[in-house]
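Student: Take the sequences, apply the hints, and build the full model.
For the protein sequence lines, the chains are A and B, in the order given. The first sequence: position 77 = 77 (full-length UniProt numbering), numbered continuously. The second sequence: position 280 = 280 (full-length UniProt numbering), numbered continuously.
Just to be clear, a hint being listed does not mean it is correct.
[As the list claims (entries may be wrong)] Derived, one-sided and incomplete: chain B residues facing chain A with beta-carbon distance under 10 angstroms:
1. A11
2. M26
3. P46
4. W124
5. W138
6. P169
7. L175
8. V268
9. I272
None of these hints come from the bench; they were simulated from the model. From the three backbone atoms N, C-alpha and C, an ideal C-beta is built for every residue, glycine too.
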Amino acid sequence: MARAVSPQKKWTFTILAWIVALILFFPILWTILTAFKTEGDAILFPPAFLPPHWTLENFFEVQARSDYFRHFFNSVVISVGSTLIGLLVAVPAAWSMAFAPTRRTKDILMWMLSTKMMPAVGVLVPIYLIFKNLGLLDSLAGLTGILMLINLPIMVWMLYTYFREIPVDILEASRMDGAVLWKEIVYVLLPMAIPGIASTLLLNIILAWNEAFWTLNLSAANAAPLTAFIASYSSPEGLFWAKLSAASTLAIAPILVIGWFSQKQLVRGMTFGAVK
Amino acid sequence: MAATVNTRRLARAMLTPAVVILFIWMIVPLVLTLWYSFQNYSLLNPENVGFAGWSNYRYFLTDPAFFQAFANTLILTLSVLAITVVGGILLGLLLDQFIYGQGIVRILVISPFFIMPTVAALVWKNMLMNPNYGIFAWIATSLGFQPVAWLETYPLFSIILIVAWQWLPFATLILLTALQSLDEEQKEAAGMDGAGFASLFVYITLPHLARAITVVILIETIFLLSVFAEILVTTGGGPGYATTNIAYLIYHLALLDYDVGGASAGGVVAVILANIVAIFLVRLVGKNLEA
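Tutor: Pasting the structure below:
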């Protein structure tokens with residue numbers, strides 16, 4: 001900024017911004033702090049801000065009681081799996097639309113986006129029955145497939161907007177030099193496309209990790225990822241705040257960190273480059 | 001790029017899997033939903049099967065629960081949109097100023113967006129809104145008020161609060177990004193011409209944000225129309241139908257009442273409603289994005 005800002009103004013805005021930020025972050029901070037409290041301390045009233053007795057017990061208890069790591073593992077498998085399979089389908093599609101557009105390319109893109117507008121509940125019944133008949137209920141394969149499908153339109157769109165920014169001149173230059181197509185893709189295109197693919201991968205993992213409609217409705221004990229596992233704490237017998245907090249902290253930590261590092265790509269990705 | 005015949009054929013081949021998969025994903029369940037919606041099909045009563053005519057639709061559409069669910073869906077979506085867009089603009093303007101520790105502030109503000117819905121809902125329900133041990137109860141008692149049982153007394157409002165908390169960061173992030181691309185010189189020039197903060201905001205900042213606001217409304221609407229996990233783990237749609245939205249109502253019919261026909265009719269209605277919304281959105285977006 002070119003303007004000189006008075007120190008008074010700087011401090012006013014700083015204090016205001018920090019207050020708002022801390023209020024918004026508070027539920028997360030509170031969860032993390034509660035994870036280190038004993039169950040007794042967790043329900044003290046008035047609340048104890050910092051744990052009076054720091055403990056790691058909750059983290060071990062969560063694992064001992066319910067095989068937490070299986071659910072963590074399920075989350076990893078379905079979010080990473082759906083992302084990688086999605087990329088296999090989306091990269092070629094986006095590549096072809098970005099570099100060999102036809103008159104129908106725009107229509108196809110809009111149509112793909114429109115499949116996102118279809119409410120999941122609208123097709124819950126048939127998907128549930130299909131899964132039941134195919135034995136896919138409560139299976140990692142089924143969940144991976146569903147998550148891949150619901151995020152595929154966003155992946156194609158994101159990749160398309162990234163690919164479009166790769167200058168065609170470079171491709172043409174390499175073609176003049178006699179590079180065949182696959183070489184063009186491997187040696188020229190991919191290196192320039194990697195950042196876009198990486199961003200798409202990150203955003204997709206975030207979306208898949210947190211997806212909660214299909215995972216809640218199509219999984220039970222075996223394939224339940226963390227979203228569904230955490231929901232089991234909503235039953236009255238599951239009410240242990242410190243353990244809930246420990247399970248939650250472990251569930252949100254990886255995505256929180258990925259999210260922090262990919263804020264910029266997130267803006268581009270979720271707005272398809274419309275907001276810069 | 002002068003695409004050769006070969007390249008074009010290859011391009012089509014590479015596009016085909018995505019198109020085919022998405023087409024099947026769209027059309028098969030939709031046709032099945034339509035089919036079931038005209039059938040008597042209850043998993044509780046396997047004998048009573050056969051063509052149902054419009055009865056599933058009649059039951060669904062005349063069910064008082066449907067009206068309430070419809071109203072709740074609208075109230076929830078519009079309230080969260082209003083809170084997050086207005087809040088996002090204000091927060092965006094604030095974060096666009098010089099702030100010590102800007103990076104950390106930004107990270108703190110956007111964090112709620114990355115929290116999985118079931119975690120967000122349970123944390124709010126148990127540790128913030130709980131009338132006996134929650135933080136809100138503590139604040140209320142400290143100020144000399146009676147603690148409020150938020151999810152029982154103001155159920156829909158509580159859900160709105162939880163969902164708005166998750167989406168405010170998204171709106172803020174998008175709007176802040178847009179604000180930062182606003183030409184500083186343009187603002188200064190207007191300032192020198194004597195424009196005050198208000199007119200600067202109305203005539204320069206707000207029009208500049210139009211596109212970003214449109215995108216925020218588009219993306220949030222897609223997700224807000226089908227809020228589910230937050231309702232499932234906090235109120236289970238209750239008390240009564242106070243927090244049942246259309247998504248939750250259909251889930252309830254299908255997986256708790258085992259009424260496949262009725263739930264399918266509901267599903268078709270949901271798809272039609274979503275399409276009506278989509279037409280409005282596409283127009284809005286089309287107008288704003290093509291410029």
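Student: Which hint numbers does the structure go against, in order from smallest to largest?
Tutor: 3
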